[in-house]
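S.K.: Chains as they are written, first to last, in numbering that gives the first Met the number 0: chain A, 0 to 335; chain B, 0 to 245.
Derived by calculation from the structure, the hints in this document are not laboratory data. Every value quoted in this text rests on a predicted model; they were computed, and no experiment measured them. Among the hints, erroneous ones may be present.
Restricting the straight-line Cα-Cα distance to at most 27 Å, the calculated cross-link-like pairs of lysine-lysine (DSSO-like) are [claimed, not checked]: (1) A/K186 / B/K162; (2) B/K54 / B/K162; (3) B/K7 / B/K123; (4) B/K164 / B/K123; (5) B/K180 / A/K183; (6) B/K123 / B/K54; (7) B/K162 / B/K123; (8) B/K162 / B/K180; (9) B/K7 / A/K183.
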Amino acid sequence: MLMRIVLPVVVLVAIVLPLATSGWDAFLTLVWAKALPVLGIILLLQAGQVSFGHAMFFATGAYTAGFVIRAIPGGEIVIALAAAIGASVVAGLLVGVFVVRYRYIFFAMFNLAFSMVFYSLLEKFIHITGGSDGLSIPRPEILGQAMERSEYEFVLYYLALALLVICLYGVHRFLDSPLGHTLKAIKTNETRIEYLGLSPRRVLLIAYIISAFLAGLGGALVAVFQGIATPEYAYWVRSGEFVFVAILGGTGNVFGALAGSFVYEYIRVTATAYVGDTWQLTLGLVLLVIILFAPSGLVGVLNDIRGYLGKGRREPTPSGGKQPSGKTEKQRGEEQ
Amino acid sequence: MTALISAKDLAISFGGVIAAEGVSLDVFEDDHLAIIGPNGAGKTTFLNICTGYLKPSAGSVTFQGRSILGSSPRAITRMGIARAFQIPQLFTEQTVLENMLIAAASQARRFAPFTPLMQIPERKEAEHILELVGCDDVSDRPASELPEGKRKLVDIALALALKPKVLLMDEPTSGVASSEKFDIMDTLIGALREQQVTSVFVEHDMEMVSRYANRVAVWNAGHIQSQGTPEDVLQDPEVVRTVIGV
Numbered sequence: 000m001l002m003r004i005v006l007p008v009v010v011l012v013a014i015v016l017p018l019a020t021s022g023w024d025a026f027l028t029l030v031w032a033k034a035l036p037v038l039g040i041i042l043l044l045q046a047g048q049v050s051f052g053h054a055m056f057f058a059t060g061a062y063t064a065g066f067v068i069r070a071i072p073g074g075e076i077v078i079a080l081a082a083a084i085g086a087s088v089v090a091g092l093l094v095g096v097f098v099v100r101y102r103y104i105f106f107a108m109f110n111l112a113f114s115m116v117f118y119s120l121l122e123k124f125i126h127i128t129g130g131s132d133g134l135s136i137p138r139p140e141i142l143g144q145a146m147e148r149s150e151y152e153f154v155l156y157y158l159a160l161a162l163l164v165i166c167l168y169g170v171h172r173f174l175d176s177p178l179g180h181t182l183k184a185i186k187t188n189e190t191r192i193e194y195l196g197l198s199p200r201r202v203l204l205i206a207y208i209i210s211a212f213l214a215g216l217g218g219a220l221v222a223v224f225q226g227i228a229t230p231e232y233a234y235w236v237r238s239g240e241f242v243f244v245a246i247l248g249g250t251g252n253v254f255g256a257l258a259g260s261f262v263y264e265y266i267r268v269t270a271t272a273y274v275g276d277t278w279q280l281t282l283g284l285v286l287l288v289i290i291l292f293a294p295s296g297l298v299g300v301l302n303d304i305r306g307y308l309g310k311g312r313r314e315p316t317p318s319g320g321k322q323p324s325g326k327t328e329k330q331r332g333e334e335q
Numbered sequence: 000m001t002a003l004i005s006a007k008d009l010a011i012s013f014g015g016v017i018a019a020e021g022v023s024l025d026v027f028e029d030d031h032l033a034i035i036g037p038n039g040a041g042k043t044t045f046l047n048i049c050t051g052y053l054k055p056s057a058g059s060v061t062f063q064g065r066s067i068l069g070s071s072p073r074a075i076t077r078m079g080i081a082r083a084f085q086i087p088q089l090f091t092e093q094t095v096l097e098n099m100l101i102a103a104a105s106q107a108r109r110f111a112p113f114t115p116l117m118q119i120p121e122r123k124e125a126e127h128i129l130e131l132v133g134c135d136d137v138s139d140r141p142a143s144e145l146p147e148g149k150r151k152l153v154d155i156a157l158a159l160a161l162k163p164k165v166l167l168m169d170e171p172t173s174g175v176a177s178s179e180k181f182d183i184m185d186t187l188i189g190a191l192r193e194q195q196v197t198s199v200f201v202e203h204d205m206e207m208v209s210r211y212a213n214r215v216a217v218w219n220a221g222h223i224q225s226q227g228t229p230e231d232v233l234q235d236p237e238v239v240r241t242v243i244g245v
């Protein structure tokens, strides 16, 4: 239902919105861009693995786009985004080969460790990265066209929207494929995967590289929109933010990335306007409410409402739609 | 007759416990070989060695004449040796059919990223195997909700979906109500015959052994004490005294 009805409606509203009103496009461009790394986190969560280091790929994409735009006279956003994706995929492969050997807290912590090393490199290599001041990124051309700021932001809004929709659909289809189902199976029984003749590590590595790709693309879009890439992009708080948004939106469905990203940005912007520096307090309270009353996130709430109204079959979601026993075969074996 | 699996002079021990010492055992095509013996004798260890989970300290194991020692469980699975477990190993958050289709897709190496699992060409075959083992009525249920008997059968069905040449089963009816045991084994052996799969099963129930095995190996204290047809082996006074305990 979400893919067939909600996505077209959201896309339609998103297409019309900048034409009908003003003041939303900058906010929403960031929502679209930041939903991408969250989508990557949701992908890994299907295998029961959480990364507290995906900001490193976000920063990889951002800095790569920055370097490319600065290196090419006039810059070209298409080349910059392609380079950002390429760099993120390579980084995802290099880090992934190592971290997919580990699970749960070790997986999370190794990701965190790698990202903090990367953060330090960005901070210390001042001559290359600009240090803590960051890398300023001139406005690139779009398909050879140099644009004024308002025109550029208008086009970037639609570019980010289109890329997000493609990625949402792509990840949705991937999760429905045999490989996607095998990824979900990692959460409950890796032993059986081995005895089906498959490598759980390899399956997780593929998902990890895709998640790095998504984070890198998101980072590049944010960087070219804001015109700057800073080491803060790789900082652990940013990684935590992606996980926060994934939980907020709901990890059982790709739409959790979109819903979470929208609500997070909205609360952040609104709370900053009213309570200034204590906006994190508001976010914390919202997360508490979500964890206590809607552990399957905003998308889970949507499903619950739909189920309550009896207007359709509840969509199976790993965390919210179904209510599995929560026990793996290994745990059952231990109990026996 | 050439052996499908041939183990020669296997030795392995865990601490002071000898699980195998100079064990040689062949599994021939179309065999339904039962391995019996007291608890802790080393029966499951044999399955673990044949599937690459354990490596013996001495000896050799070949499958169709090719050494499989040092190969990983997944490499051995791909060669044609599948395994069903004493505690069923299922994907508990997925439905029975999804479990089967993951296995079928793995066998067919069907990993195109955008083909829905439910639409893979192997679906009919997977559903047929579920029907063969009598689990077609639970195909839409999450694996976590199945009763133990069905879980065992689905575990075996997953192994069959891999189209193995040999299926190794560890106590296929343990934990199953006595009233269901023979039905399950009837179904299972029927499915194995239809799929022309050779089987090796570890079993404690002598009635099951005499009814379903065509060969029996008695594993005791790390040695093969006796092997042959069920009629001969189960009436061997030494086997009766040390293993069957009557």
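S.K.: Which earlier hints can't be squared with this structure?
M.R.: 3, 5, 6, 9
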